[in-house]
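Protein chains: 2
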Amino acid sequence: MPSGTPSRRRGRPARRDAPDGPGARERILEAARAEFAERGYDRTSIRGVARKAGVDPALVHHYFGSKERVFETSIEKPFEPVMRVPDLLAQGRDGMGERLARHFLGVWENPATRAPVLALMRSALTNETAAALLRGFVTRRLLERVAGDLDVPEPELRIQLAVAQLLGVAVLRYVIKVEPLAGVDAEEVVAQVAPVLQRHLTGA
Amino acid sequence: MPSGTPSRRRGRPARRDAPDGPGARERILEAARAEFAERGYDRTSIRGVARKAGVDPALVHHYFGSKERVFETSIEKPFEPVMRVPDLLAQGRDGMGERLARHFLGVWENPATRAPVLALMRSALTNETAAALLRGFVTRRLLERVAGDLDVPEPELRIQLAVAQLLGVAVLRYVIKVEPLAGVDAEEVVAQVAPVLQRHLTGA
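So the sequence lines, in the order shown, correspond to chains X and F.
Everything in the first sequence is counted per full-length UniProt numbering, starting at 1 for the first residue and increasing by one.
Everything in the second sequence is counted per full-length UniProt numbering, starting at 1 for the first residue and increasing by one.
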């Protein structure tokens with residue numbers, strides 16, 4: 001780039017270009033995800049989110065109304081991978097556990113997709129309101145949709161036990177980083193976990 | 001109690017009786033667990049712990065030297081139930097998964113034993129130093145002890161996968177409180193989880 005040309009990050013509107021323009025809503029959500037991740041739910045404020053997004057706090061209120069609603073909307077993006085679970089289940093019983101294990105490990109292996117999920121988990125583990133919002137989201141967006149796809153008794157309980165296995169692996173492997181689990185190849189984890197998920201989802 | 005008699009809590013030295021007496025070390029650890037639970041690792045300070053314990057900060061330094069060491073020592077008590085895992089494994093392969101599941105559910109079902117474990121988990125999930133201290137503790141105190149008791153390949157990895165299942169159940173059932181998992185009887189959870197733990201620990 002010749003010197004003197006103003007630099008501009010690719011693929012992202014310059015922060016001050018149009019503070020209340022069409023990019024503002026997504027910029028606010030991005031700032032909110034960063035703030036919730038960094039400071040936790042309790043210490044994140046609408047004012048802080050607005051400052052980080054380079055907009056007036058009134059604009060955050062205009063779009064979302066409350067901190068709860070900012071949080072709830074900001075978790076939609078980290079939840080995108082979870083939204084693909086119904087498709088994975090709909091591909092049939094055979095290999096269901098393996099597809100689910102490989103999908104989740106893929107999300108967690110990639111730092112870019114891991115960060116927002118981890119931030120969300122931290123908020124939910126340290127604040128009751130965040131936990132309640134996540135609970136509502138999981139119930140409405142995931143459990144109610146997939147329960148009909150599993151032809152077993154208590155499908156929702158079974159999905160939760162499978163998710164519990166994956167969640168625990170994520171905590172020990174990527175957060176606490178305990179060896180050997182943190183260091184083994186992702187495919188070995190898939191191989192160990194897939195039969196357990198299959199058992200939870202379709203029975204022994 | 002006749003009026004005029006000074007009240008005194010049973011089984012616990014009165015706070016100001018002997019601030020640096022033999023009860024002081026345990027009182028500091030109790031204050032530390034409360035502070036880590038309430039404020040998280042980052043925002044807990046030796047000064048704050050000392051204030052809560054009713055002692056001089058110098059006494060905390062005298063006993064523990066650093067915040068890291070206060071944390072590491074304070075997690076010994078919430079870890080007591082985990083310390084019983086080697087005994088549960090040593091009772092033989094048959095029913096190993098069920099014993100482990102029932103033991104852990106028992107710890108989490110009781111609010112008194114749940115609180116310190118949950119506090120520890122919150123610190124480890126939100127702070128790298130706390131995660132590293134917990135990792136070292138788990139490795140030295142648990143994994144190195146039990147690995148020899150399991151006559152399977154990769155015993156440490158298998159224990160971690162079993163613990164992952166239990167940890168995930170704890171998060172969904174007791175922290176996020178997602179239904180139906182949060183509401184079913186503990187014995188139903190034991191019944192669902194025991195075969196999975198057995199599989200992890202002793203093979204298919």
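Be aware that one or more of the hints could be misleading.
Claimed, not checked - Taking lysine-lysine and the PhoX-like style, the derived pairs with C-alpha atoms no more than 25 Å apart in a straight line are:
#1 K52(X) - K67(X)
#2 K52(F) - K177(X)
#3 K77(X) - K52(X)
#4 K77(X) - K177(F)
#5 K67(X) - K177(F)
#6 K67(F) - K177(X)
To be verified - Ranges of calculated distance between the beta carbons of each label pair, as one might list FRET restraints:
#7 A112(X) - G92(F): 33 to 39 Å
#8 A112(X) - D94(F): 44 to 50 Å
#9 R69(F) - A112(X): 47 to 53 Å
No lab work stands behind these hints: they were computed from the structure.
All residues carry an ideal CB built from backbone N, CA and C; glycine is no exception.
Outcome of the hint check:
no.	hint	in the structure
1	K52(X) - K67(X)	holds (15 Å)
2	K52(F) - K177(X)	violated (32 Å)
3	K77(X) - K52(X)	holds (19 Å)
4	K77(X) - K177(F)	holds (22 Å)
5	K67(X) - K177(F)	holds (21 Å)
6	K67(F) - K177(X)	holds (21 Å)
7	A112(X) - G92(F): 33 to 39 Å	violated (46 Å)
8	A112(X) - D94(F): 44 to 50 Å	holds (46 Å)
9	R69(F) - A112(X): 47 to 53 Å	violated (36 Å)
The structure does not agree with the numbered hints 2, 7 and 9 stated previously, though it agrees with the rest.
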